[in-house]
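A.B. asks: Assembling the complex is the task here: the two chains are given apart, and the hints tell you how they should meet.
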Amino acid sequence: MQKVFERPKSLNDRPFHYCPGCGHGIVHRMIAEALDELGLQERTVLISPVGCSVFAYWYFETDNVQAAHGRAPAVGTGLKRANPDSIVISYQGDGDLASSGTAEIIHAAARGENFTVIFINNAIYGMTGGQMAPTTLVGQATSTSPYGRDPKFAGHPIHVSEMLASLKAPRYIERTSLNNVANLTRTKRAIKKALDLQNKGEGFTFVEVLAPCPTNWGVDPGEAIDWMESTMMPEYPLGVFRDVKGAEVKS
Amino acid sequence: MKVLMKGNEALSEAAIRAGATLYFGYPITPQNEIGEYMSRRLPMVPGGAYIQAETEVASINMVYGAVCTGRRALTSSSSPGISLMMEGISYLAGAELPAVIVSIMRGGPGLGNINPEQADYFQATKGGGHGSYRMIALAPASVQEMTDLTVLAFDLADKYRNPVMVLADGNLGQMMEPVELQDSYPSTHDHSGWALTGPKGRKGHTVTSIYLDADEMEEYVHKLYRKYDEIERQETRFEEFQTEDAEVVIVAYGIVSRVVRSAVESLRQDGIKAGMVRPITLWPYPKAPLQRLARQAKFFLACEMSMGQMVEDVMLSVNGVRPVYFYGRSGGNVPTPAEVVAAVKQRM
Ligand SMILES: Cc1ncc(C[n+]2csc(CCOP(=O)(O)OP(=O)(O)O)c2C)c(N)n1
Ligand code: SF4
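Order-wise, the sequence lines are chains A and B. Residues in the first sequence are numbered from 1 upward in steps of one, following our numbering. Residues in the second sequence are numbered from 252 upward in steps of one, following our numbering.
So here's chain B without its partners, still in its complex pose (with noise of 0.2 Å):
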C-alpha cells in the first residue's frame, strides 16, 4: 500500500524497518525531520536509542561506537555538519566499519543557505577525509528511492564492512510522494566474527586503523582497494533514458535528473536525438555506459545543481573521446527544462 510521505521521513522509516533503530544526529535544516522522527519512533523500538549528540563529530563517531557491537545505526546531516563528520568517516573506512550516513545537501560554500544544492559531491565521492579510502555514495531522485536506496546503504554498509553514504539534495529531503514500504527489510550478515560484545568464550577482538610499519600499513591499504576494485564490479548502478539513438547525452543524478527527462522529451520533440544517463551510484560511478556512449554521441552535458563536480567524473569516464560541456546552478535555483534545453542547443 502506497502511502504519501515526505523524503526525510520516509528514509527515517525505511532506517527503522532495515532495522536501524540507533540514531544519533545533531539538528540542521534541511534535514531535521529525520532526527525528529527518529526521536519520536525510537523509544517505542526495541532496543531503539536517539541520542542528539553534542556535535556532528560526537554523532559519527557514537555510530562508529555503536556498529562495533554489529548493529545498525544511522546519521544524518547537511552540508556543514558532514565537513564535521569527515574525520570519523575516514576512521570508519579505515577501521572496516558497516555505516550509514544521510547526507541532505544544501547551498554553500561557509554557512551557505538552506536551500538545495548538489555542491558536496566532492566530500561525498573524492575522499573528503584523509587517506586512501572510498565510500559508496547512493543518489535517490525520488520519496521512493529514498527509502529503497537507505536499506540497499545499510545492505552494501554490511556486506562490504564500508561506510555508505545517501547523498540527496534538500528537495528530495522536503518533497513528498507516495512510497511502499516493507513491513521489515531482514539482514542476513552475520559480524560474529568481528564485532566487540565483550570476549565471552573467544579471544578478544579489535577495531582499529592503526598501522605504524610502512610495509604493513600499504599492505593494508592493497587489501582496502581490492574491496573498493569489487565493489565497482559488482555495485554500479545507473539508468539509462532514451539513450539508444542519443547523440547528446545529458548526465544528472538526483533531482536534476527528473528536470532532465523533460529536457530530453522535449529535444525528442525538436528532431534532436537526446538521451541521459543518471549515475544512482555515485561511487563507484558508472563509466561504462559513458564509455559505450561516446562511440555514438556527439557530445556530453553534465548537469547539476553545482558550479560543475560530477562533471569532471563525466570528463575521466569519456577521457577525451568527445566532448564534455556543463550547465549547472547554484544557490538552491534548480535548472528548468527550458534551460538545459537551451544549453543543449547551445553546443549544436
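Next comes chain A alone, as it looks inside the complex (with noise of 0.2 Å):
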C-alpha cells in the first residue's frame, strides 16, 4: 500500500499543545516539510520565541533554542554569524516581534542578516491570555483593551512586512493568511522559497502569516475565519512586499 500521508520527517511524533484552530501547529508542519524537501533538517536551528509556541522546539527534529521575548532575531544573528553553514529559523509572534522585540527585528533586517523569520500574527497576546497587541485591530476587544482598540490613545496597527519591506537589504518579504486552501499552499511555497534563499546565502527572508487564535479572539475556529476574511485580512493586505536580489549593493 502506498503511504500518501505521513509525518514529516523534521517534526517528531509529539502530538501539538496547542488550541483547536490555531494556527501554530499549521505552520510547525509546513516548516518541517518545507526542510524536509529542501534536505535542510540536518543544518537547521529554530529558535523558540516567548509565547505559546515557546514550546515550538518540542516538536521539531532539528537544533533547537529557546530565546527571551522579542529577542530571537539577536540570537538568530548570533548563531548565524558564528555558524553560517547552518539554517536559523526565528519563529515568532506578534507581541514578540512587533513590541517586545522591534529593534531586533528592524536591525536584523536592516544588516541583511542571512536567516528566515516566520512571524505569526494573529493580532493578540496568546500565551499571556489575550491582551492588546500591537498588531491589534482598531476597535478589536481584548483583555487590555476590553471597549475595543481605541486609536485615539492605543494608536494604529503595525504594519511590519510593509515597514521592513521600506530597508533596502531584505531579499524577501511575503504575508500570507491560514484562511483557505489556496492561502495555505501559498504559505507553504512562502516559507519554502525563504529557507530556499537563505540556503543560497542570499539574505534575510520574512514570512508574515496571519493565524487564527479561536480561544483568545473568544469564537470558535470557523468564527475565527470568518472574522479573519472579514476584518483582518483588509487591514493586512497579502502579498509579497519585497524580492530583491542584491538590493544592498545598488546605491
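Treat the hints loosely; a few may be bogus.
[To be verified] PhoX-like cross-link-like pairs, simulated, lysine-lysine; straight-line CA separation at most 25 Å:
| hint | chain 1 | residue 1 | chain 2 | residue 2 |
| --- | --- | --- | --- | --- |
| 1 | B | K524 | A | K192 |
| 2 | A | K193 | A | K168 |
| 3 | A | K192 | B | K454 |
Derived from the structure by calculation, the hints contain no laboratory data.
C.D. replies: Pasting the structure below:
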C-alpha cells in the first residue's frame, strides 16, 4: 500500500499542545515539510520565542534554542554569524516581534542577516491571556482593550511587512494567511522559498502569516476564519512586499 | 616580549588570542576602545565577525546565539549598558551557556558620568538579573590582569558552562602598562555534546531555561547550585599582602587595591601592622582568608570607589567577629593613599 500522508521527518512524534483551530501547529508542519523537501533538516537550528510557541522545540527534529521575549532575531544573528553553514529559523509571535522585539527585528532586517523569520500575526497576545498586541485591530476587544482598541490613545496596528520592506537589505518579504486552502498553499510556498533563499545565502527572508487564535478571540475555529476574512485581511493585505536580489549593492 | 598597551585594547587582543573571534557590542564610554579594536581586527581573523548591535539588549542576545554553536564570543559595555544586559545574563545562566561579558564601570546611578567607579559590584555579584543564579566575576588590578583574567574568564565559562564577567573600572580600561601576551591560548573544551550546529548524524540538541513543573524547576535550580558550590570550592582567587601579622586588614579590589598597597606600606612605616586582602574573584568571594584573619585582626576596612558594596561581603565573611569599617569615594574620585591611612588611623 502506498503511503500518501506521513509526518515530515523534521517533525517528531508528539501531539501539538495548541488549542483547536490555532495557527501555530499548521505553520510548524509547513516549516517541517519545507525543510524535508529542501533537505535542510540536518543543518537547521530553530529559535523558539516567548509566546504560545515557546515549546516549538518540542516538535522539531532540528537543533533548538529558546530565546528571551523579542530577542530571537538577535539570537539568530549570533547563531548564523557563528556558523554560516547552518539554517536558522526565528519563529515569533506578534507580541514578541512587533512589540518587545521591534528593535531586534528591524536591525536584523536592516543588516540583511541571512536567516529566515516566520512571523505569526494573530493580532493578540496568546500566551498571557489575550491582551492587546501592537497588531490588534482598531475596535478589536481584548483583555486590555475591553471596549475595543481606540486609536485615540492606543494608536493603530503596526504593519511589520510593509515597514521592513522599506529597508534596502531584506531579500524577500511576503504576507500570507491561513484562511483557506489556496492561502495555505501560498503560505507553504512562501516558507519554502524563504528557506531556499537562505540556503543560497541571499539574505534576510521574512514571512508574515495571518493566523487564528480562536481561544483569545473568544470565537470557535470556524468563526475565527470568518473574522480573519472580514476584518483582519482587509487591514493586512496579502502579497509579496519585497523580492529583490542584491538590493543592498545598488546605491 | 612586553608591549605597552591600553587596558581595553590589551583585553581585546587577549580575547581574540583566546579564540573569541565574534564580538557584539554597542558604544559606551569608557569602553569604546574594545569595540573599535575588534572592528579593526576581527575582519582579518578567519571566521571572525564584528557586529555593532542596535542595543546592549541585542548584544547579549547575539552572544547567547553565538555561544550556542560552541564558539567563543565577547561583549562588553559599561554601567547603563550592563543594566540592559541583565535579562540576557539570567538567560545565559539559566540555559547554562558559556559567555564572557566585560563590564568597565563608570559613575552612576542614572546616566552618571564617564569617570571610573566600582559601584556595579552588586550588579555583577548579587544577581542583577532575575532568578536564582550566579555569575563568576573576575576583578583585574592591572593591564596584565585585564588580559590574564580575560583568558581565564573564557576558560571558566567553558569549564562550568556559565556566564563570567570581567569587572574593571574605567581607570583600568584607559591606562597604559606593559603586558605580555601569548600568541594563542588554546582551549580543550569539547562542546559537541550540546552545541547547536544542526542535528547531522545525531539527535537534536536543545538549549532552553523553561521548566513549567515546580518540582522539575526546583531540581534544575538545585543542579545549578551544586555547580555553584563546586565553583566556590575550586575557583576562589585572592591575593594577600603583608597579612601574616596584620592587626588591621584592608580589603580592596581592582584599581583601589593599588592605592591600598601604598597605604599599607606607609602605615607599616608608622608602626601600624596593616595588611591587605585583594579579592580576584568577586564571586565566588574569598571568605576563607577573611575568616582566618578575623582571629588576629583588630578590625577590617573595606575600601571601594562606591558608597559601599563589597563591604557587605566583608561583613558576611567576618560575621560579626570583628568590626568592619568602610572608606569610599564616588563620582570618579579615586581614594588616595593618604586618605586610606587617615581612615585607618581614625579607627585606631
Ligand atoms: C520580558 C518579558 N516580558 C513579558 C513576558 C510575558 N509574555 C509571555 S508571552 C507574551 C506575549 C506573547 O504573545 P505573542 O508574541 O503574540 O505570541 P502568541 O502567544 O500569541 O503566540 C508576553 C508578553 C515575558 N515572558 N518576558
Ligand atoms: S491561545 Fe491562541 S495562539 Fe495560543 S495556542 Fe491557543 S489559539 Fe494558539
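A.B. asks: Given the hinted pair A/K192 and B/K454, is their Cα-Cα distance within 25 Å?
C.D. replies: holds (24 Å)
A.B. asks: What's the verdict on A/K193 and A/K168, does the C-alpha distance respect the 25 Å limit or exceed it?
C.D. replies: Since the Cα atoms of A/K193 and A/K168 sit roughly 19 Å apart, the hinted pair holds (cutoff 25 Å).
A.B. asks: Does B/K524 pair with A/K192 here, judged by a C-alpha cut-off of 25 Å?
C.D. replies: Violated - the C-alpha atoms of A/K192 and B/K524 are around 75 Å apart, more than 25 Å.
When the structure is compared with the earlier hints, a violation turns up for hint 1 alone.
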